[in-house]
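Colleague: So you can see what is in the structure, the chains are spelled out below.
There are 2 protein chains.
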Amino acid sequence: MNEPDSSLNISIVQHAQQAISAALDEDHPQQAVKALLSLHPADRAEVFSDLRRSEREQLLARLDIAATADLLEELEDKLASRAAETLSNERLADVLDEMEPDEAADVLGDLPPDRASEALAEMEEAEDVLPLLSHDDETAGGLMTTSYIALRPDRTTAEAIDYLREVGPEEETPYYLYVVDASRRLVGIVSLRTLVVSKPDTVIADIMDPDTYHATTRTDQEDAARLMVRYDLAALPVVDDEGILAGVITYDDLVDVLEDEATEDIYRLANVSDADLTIDSPVGLSIRRRLPWLYVNAFTAFFASWVIAHFEGLIAQVAVLAAFQSVVAGLGGNTATQSLAIIVRAIALGEINQGKNLHTVLKEGLTGLLQGIAVGLAAGIGVYLWQGNAYMGLILALALIGNMLLAGLAGALVPLSLRALKLDPALASSVLVTAITDSVGFALFLGLASLFLPYLT
Amino acid sequence: MNEPDSSLNISIVQHAQQAISAALDEDHPQQAVKALLSLHPADRAEVFSDLRRSEREQLLARLDIAATADLLEELEDKLASRAAETLSNERLADVLDEMEPDEAADVLGDLPPDRASEALAEMEEAEDVLPLLSHDDETAGGLMTTSYIALRPDRTTAEAIDYLREVGPEEETPYYLYVVDASRRLVGIVSLRTLVVSKPDTVIADIMDPDTYHATTRTDQEDAARLMVRYDLAALPVVDDEGILAGVITYDDLVDVLEDEATEDIYRLANVSDADLTIDSPVGLSIRRRLPWLYVNAFTAFFASWVIAHFEGLIAQVAVLAAFQSVVAGLGGNTATQSLAIIVRAIALGEINQGKNLHTVLKEGLTGLLQGIAVGLAAGIGVYLWQGNAYMGLILALALIGNMLLAGLAGALVPLSLRALKLDPALASSVLVTAITDSVGFALFLGLASLFLPYLT
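Chains as they are written, first to last, in the working numbering: chain F, 1008 to 1464; chain X, 1008 to 1464.
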């Protein structure tokens, strides 16, 4: 049995990787193929991804149809379509026929349109894949597979089990069976367990659960995923606008959506706008996705500079103010980021209750205020001891309290407002909020210093 | 059938909530119970959580054993144990017997020890729950359930199906059946589908898959979750140190771990150290979890102030420097945060390849350098046009390039080093990295300004 110990697992993969590279170097491609096939398909994809392009092509040319299909199913979308492009039309069609329909549709969607239609024309099971190609990637229709088992409600469990024997082996998630009427409208679900433990002559209509959750093909994939998480569903049927069963979302797709969603939120809070960026992305792509946000940040930073520049005369007189202004701006930014993270995560997990938005904003404001008092007192006393000027400590404390109160309010208000405007709350929140806490933080501290100027020199 | 449209769903829940509150206000608790029971258990838990304490207790006193068990299974851990505490020992024992063993163990673990042992003493199925209590919450043992179906390899499929009929209805995930030898050591897995489509007299040993992934009770829950994600496993068996089957982790537990892991990373990058904090946490708790990090931030901010204070004389002469120093520090922080997000996410998703760490650090450094050149040139020209001083533009550009190069390096090096030291890479990274980019940013910009002082005035 395979150990879950990740270090051991990694060493098996790395060992295979070295063996494959060595075999290819020594011109023994058949050995390389053997080493690759000794791995689990998921591990094969990892090893394959790390090979050089020429090595990948050598291997690909020697894999049979089934192994190529397994590999394409496990590869990242971009690598899968690049691998698919190197195959002949006929071979590609065979591979796509062998793949799960949803994975085949993803590969076809990433191919140049003419290659995709050529491959489709050659495919034997194009009808499984074609309906999947019309749906937006981010919808339940784009996520579902057409590989499921549908039954008529007037069948008996014995007939259903015979049918399962006949078609079952190819299906991805045979645990639930979907019951459809003569127009293929979804009328219920029956679990394999219920089928098995019922008497052979039981009619499906009597044991199915007619009251079942479902999505439509146009449901946002994150909404569909939330529904599955909320009600612990291992699979979610997807129907079209007429209620006709179009496909099924399985738990492994759910996991992918949740992972992508989390990556997206982490990236967006850090001003990286493309969730497909990974540690292995080329530098050029990485810069194209990251630099625009740095320009936006530079713009807001210059706005804050412009605020400070108004106090040039003051700073020339009390230069040490330049040292403390950043403390006010920085702690405001940190307080706001804390609120932002909690609100953005609550939005992602569907924990936001519209009626409580005002309450949430006020609560974050109160949290910011109390934290401001705690940090402000400590910092004020610290500065008094360091600089020997009680007024300097006082204005730092007051500015921190004011800015951290504002930070708590803005950290909740900005993402909730973006959401109300149907914008992504994670996307622009951190830039907007930091712009606010920086500019106001500087203005507050330096403004207070102007008022107390006679006591600071 | 229930619509997945989330707004509709929310309105059903809110409607029930209002009906329940109204019924309780008017002293019709039986109506309130009826309204609660009309909802899906997951929705009941949401409504129940939003009620006042006294309302919750009124309802709880009127729910039957099964409904109370359903409710405790769906409630957040803290609310579940608080609700459990209000029950009599006898009633609590009945409720715990009715619950899934892993959920019952979670409730027992959160109760005061004396209440827990009293309840355990009264329970009929304490033997299902007791072994779960000894495992650390964060391990596979703490995550698994003991509710699974185990078979002997010498049974036939017909016998297995009879056995399933007998015990099946109570089990959580009957899709996989676990094959154990006479010492209950795990020897294989058979899916329900395989069982169903095989001939009745087939021996289990002939159709089981002996080469199956598993975790041990002490495997970290995130490692177990990664294994399930990597190999698309709907359930993962957990064995003890002797290889004896101890329990099973199901896909819904996997989803919970992934969600918690993402929350933890998002929070830690934002300096919130407790992943259990939610939008509904009381202000006091929220402050206890957030304030310590703000003190750490204040400490590093004062270190940066101390750096600036060394240039007090310089700033007194060229006060506008105080306006631009924050641009250098801020953009360094933003660049580092981008790298940090990508590295931390790669670590969470298990995409880090130890052998490539140096390559990753250098790549992030290169990205930072190129972004620094792009932003530095634009900012330098901007400042030249604004201030009419080319040297001011030059030193800003040079400081940005240097600080953003450093930011890219630190944004990768810090989390990778923390990971190598077996510390959580998300936890201290953002504080450490920002401390570096702030202090070095100020020192670099003001140091360069000192060198070019004759040209700045």
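Among the hints, a few may not be true.
Heads up, the list lumps identical chains together, so a pair's fine if it works in one copy or across two of them.
[Unchecked claim] With a straight-line cut-off of 25 Å between C-alpha atoms, the simulated PhoX-like cross-links for lysine-lysine are: (1) 1363 - 1085; (2) 1206 - 1041; (3) 1370 - 1085; (4) 1370 - 1429; (5) 1429 - 1041; (6) 1429 - 1363.
Don't read these hints as lab results, they were simulated from the structure.
Colleague: Compare the structure with each hint and give your call.
Modeller: Going through the hints against the structure:
Taking the shortest alpha-carbon separations for residue 1363 and residue 1085, only the inter-copy value of 21 Å comes in at or below 25 Å, while the best intra-copy value is 42 Å. For a Cα distance limit of 25 Å, the shortest separation of residue 1206 from residue 1041 qualifies neither inside one copy, at 47 Å, nor across copies, at 34 Å. For the identical chains of this complex, residue 1370 and residue 1085 are inter-copy neighbours only, at 21 Å across copies versus 44 Å inside a copy, given an alpha-carbon limit of 25 Å. Only within a single protomer do residue 1370 and residue 1429 lie at most 25 Å apart by alpha-carbon distance; the minimum there is 23 Å, versus 36 Å between protomers.
Neither within a single protomer nor between protomers do residue 1429 and residue 1041 lie at most 25 Å apart by alpha-carbon distance, with minima of 52 Å and 36 Å respectively. Taking the shortest alpha-carbon separations for residue 1429 and residue 1363, only the intra-copy value of 18 Å comes in at or below 25 Å, while the best inter-copy value is 40 Å.
Of the numbered hints given earlier, the model fails hints 2, 5; all others are met.
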